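*Asks:* Chains as they are written, first to last, in the numbering used here: chain A, 1 to 363; chain B, 1001 to 1286.
Fair warning: there could be bad hints in the mix.
[Claimed, not checked] Examples of chain A residues lying across from chain B (beta carbon under 10 angstroms, computed):
no., residue
1, N47
2, T54
3, R75
4, F79
5, A85
6, T88
7, T91
8, G99
9, T103
10, P106
11, V110
12, V111
13, R112
14, A167
15, F168
16, M172
Source of the hints: derived by calculation from the structure; they are not laboratory data. Since this is a predicted model, take the numbers as computed values, not measurements. Virtual Cβ for every residue (Gly too), placed ideally from N, Cα, C.
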Amino acid sequence: MSMIRLENLVKRFGAFTALKTMDLTIADGEFVALLGPSGCGKSTTMNMIAGMETPSEGRILFGDRDMAGVPMGRRGVGFVFQNYAIFTHMTVRQNLSYGLRATRRPADEVVRRTNAMAELLQLTPMLDRPAAGLSVNILQRVAIGRSAIMEPAIFLLDEPLSNVDAAFRAVMRTELKGLQRSFKQTMVYVTHDQLEAMTMADRIAVMDHGVLQQVGTPLQIYNDPANLFVAKFIGSPGMNLLHGRPVDTGGEVAIDLGALGHSLPLAPEQAAAARRAKGDVVFGFRPEQAARVGEGQGMAMPISFVERIGARTILHLGEGAASAKTVFENDAGFEMGRALHFAPHPSAVRLFDAASGAALRGH
Amino acid sequence: MTRSLAFEVFRYAMIMLAVAVTLIPILWMASMAFKPIPEWQATGAALTWWPKAPTLDNFRFVFGVSNSDLIVALDRTALKPILASFLAAGIGTVIAMTAGTAAAYGLSRFGSGGNLPLALVQLRLFPPMAVMTPVMIMWAFLNMTDTWWGLALVYGIVTLPFAFWLMKTFFDDMPREIEEAALVEGCSRARVFWRITLPMMRAPLASAALFVFILNWSDYLIALLLTTREWVTIPVYMASLSSSMTGQLYGAKAALGLMAAVPPVVLGVLIQKHLVRGLTFGALKQ
């Protein structure tokens, strides 16, 4: 049983609280990404799952078994470190077979499984090379293979791709996902790269400042961020957030955005949410979900910068509190300094409570 | 970057000066070791840079097989002092490295022995000589004066701080993840230390051991105080190479000095690869 349950997990290092509270259940065979900026507590959480750190409070259960006091070698977890932690005084073969030899498996089994793992990760040609001189990309594979060879029911990966080059990262994203599908392990993946989390994970747990912000599928996180932090953090660029106040415009609800005028009338669900708002709200929409409109409609903001990245064009609009970004698929002759008239699709609008930052939902 | 010619000339002049200060005494010793008696006894204008009639007589003399015209009877040859030096410096190094490495590992990984660094600094706050009188009395009481093991023990204690501090730095620099990776694979703590940590620390261990060995090997004062006759070491024996008739036996001293320089040099060459490579945990990129 390789379900992982984290219950009221807290970790303090002296006066510093790395993890304020964490409740999370990871299903058997699920791929969960712990996503967040540096220092959000994601690696601390991972280290506690692995048994490298002891929780200050709370429990970690694998299935129904409390892991308190179980040393890391007995937890049946595989761990891939950000810096690979390759044993540089050994060959690739010795590295791969390390766990099997440490647990004294029969020699023929060690050879068979090492060769199979090398074949799977395309490491066969360098099996007998010393690990010290190999490239980062290969070391990365060796590190994954060294853990995967033990066929752990739980596989923990701590930013394994942050040191490899961009092209290889794309390859490894696909391979890791494939590896997980074929072994069906429970996989916990720590990363600060939302692209990795979005592309690989079944569910993403977004963390910030030691607090779990939201757990959900990649699309849930992207489409319905639970609060302002998730809205800003997810997406590249993140969600546009403008301060405003709900106003009733004859049966319909719009958001008064101050100098930017009124938004288009909200879709029914958002309108219901806006009616529940107790004060000011934050009006959010994804940069990809705005369309150009004619003059006099929607919002108008001066284009302050045009970022052309080939397939897409990112416009930086306005400045200070009244700024936004929009993303268009094509470059329709945008000019810096000219005003852009645009409006977010009503269904794409998300509202947040300005005071608490929590999402306002209509149901 | 282009430098002016004047600067280059100045730079090389300074380098040559620094090299000369280091190398000329060694060169002089080597030259003297091969000079026959009249040449190393010569003074003033008769002194020459190179031996005019090179001979191995000085080497034969310290081993007691000289047929030279030196009318000096050595009461003992250099063989036993060489053995004494090897035993005392070698075992002393083993003691310092074993205790120092174990203590450094414990402190670096588990924070055990938190006041150890300060305690070990105290060992070096004053010159070892300052406590040698009480040590002499203790060693005499324990019948350990003039024994190689008594001297080795003192060497081990005196150089322990160096071994500890060097190894502590090296252990601190070694990423913990390497050990954790092995632990997670089901390896025991002890096995991690023997199979992962120590092999990966070969280079630092070799550098620290060489450093400690050279300290022990070149000691004169402690050996002078703690040995009297049976187990005098090379430096002590060397100082005794004189006679009332001829004064200091410079040729013999130079020959012995040249031989004494061999072990550190050989060790240095052997581990040079490690010294140059220093501490690179190859795979790691932060």
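*Asks:* Hint A/F79 vs chain B: min CB-CB distance below 10 angstroms?
*Replies:* 5 angstroms, holds
*Asks:* Take the shortest C-beta to C-beta distance between A/F168 and chain B; is it under 10 angstroms?
*Replies:* Hint violated; A/F168 Cβ to chain B Cβ min 14 angstroms, cut 10 angstroms.
*Asks:* Any CB of chain B closer than 10 angstroms to the CB of A/V111?
*Replies:* 17 angstroms, violated
*Asks:* Report holds or violated for the interface hint on A/N47, using the least CB-CB distance to chain B and a cut-off of 10 angstroms.
*Replies:* 9 angstroms, holds
*Asks:* Using the nearest Cβ pair, does A/T88 come within less than 10 angstroms of chain B?
*Replies:* Nearest chain B Cβ about 4 angstroms off; hint holds.
*Asks:* Does A/T91 pass the interface hint, meaning its C-beta sits closer than 10 angstroms to a C-beta of chain B?
*Replies:* Result: violated, 13 angstroms to nearest chain B Cβ.
*Asks:* Given A/R75 as an interface hint, is the shortest Cβ-Cβ distance to chain B below 10 angstroms?
*Replies:* 8 angstroms, holds
*Asks:* Can we keep the A/T103 interface hint, with Cβ of chain B closer than 10 angstroms?
*Replies:* Holds - the Cβ of A/T103 comes within 10 angstroms of chain B, reaching about 5 angstroms at its closest.
*Asks:* Less than 10 angstroms between beta-carbons is the criterion; does A/R112 satisfy it with respect to chain B?
*Replies:* 18 angstroms, violated
*Asks:* Quick check on A/V110 please, does its C-beta sit within 10 angstroms of some C-beta on chain B?
*Replies:* With a closest approach of 13 angstroms, the A/V110 hint is violated.
*Asks:* Does the closest beta carbon of chain B sit nearer than 10 angstroms to the beta carbon of A/T54?
*Replies:* With a minimum Cβ separation of about 14 angstroms from chain B (threshold 10 angstroms), the hint on A/T54 is violated.
*Asks:* Hey, does the A/P106 contact hint survive, CB to chain B under 10 angstroms?
*Replies:* Where the cut-off is 10 angstroms and the nearest Cβ of chain B is about 16 angstroms from A/P106, the hint is violated.
In the structure shown, a violation is registered for the earlier hints numbered 2, 7, 10, 11, 12, 13, 14, 15, 16, in ascending order.
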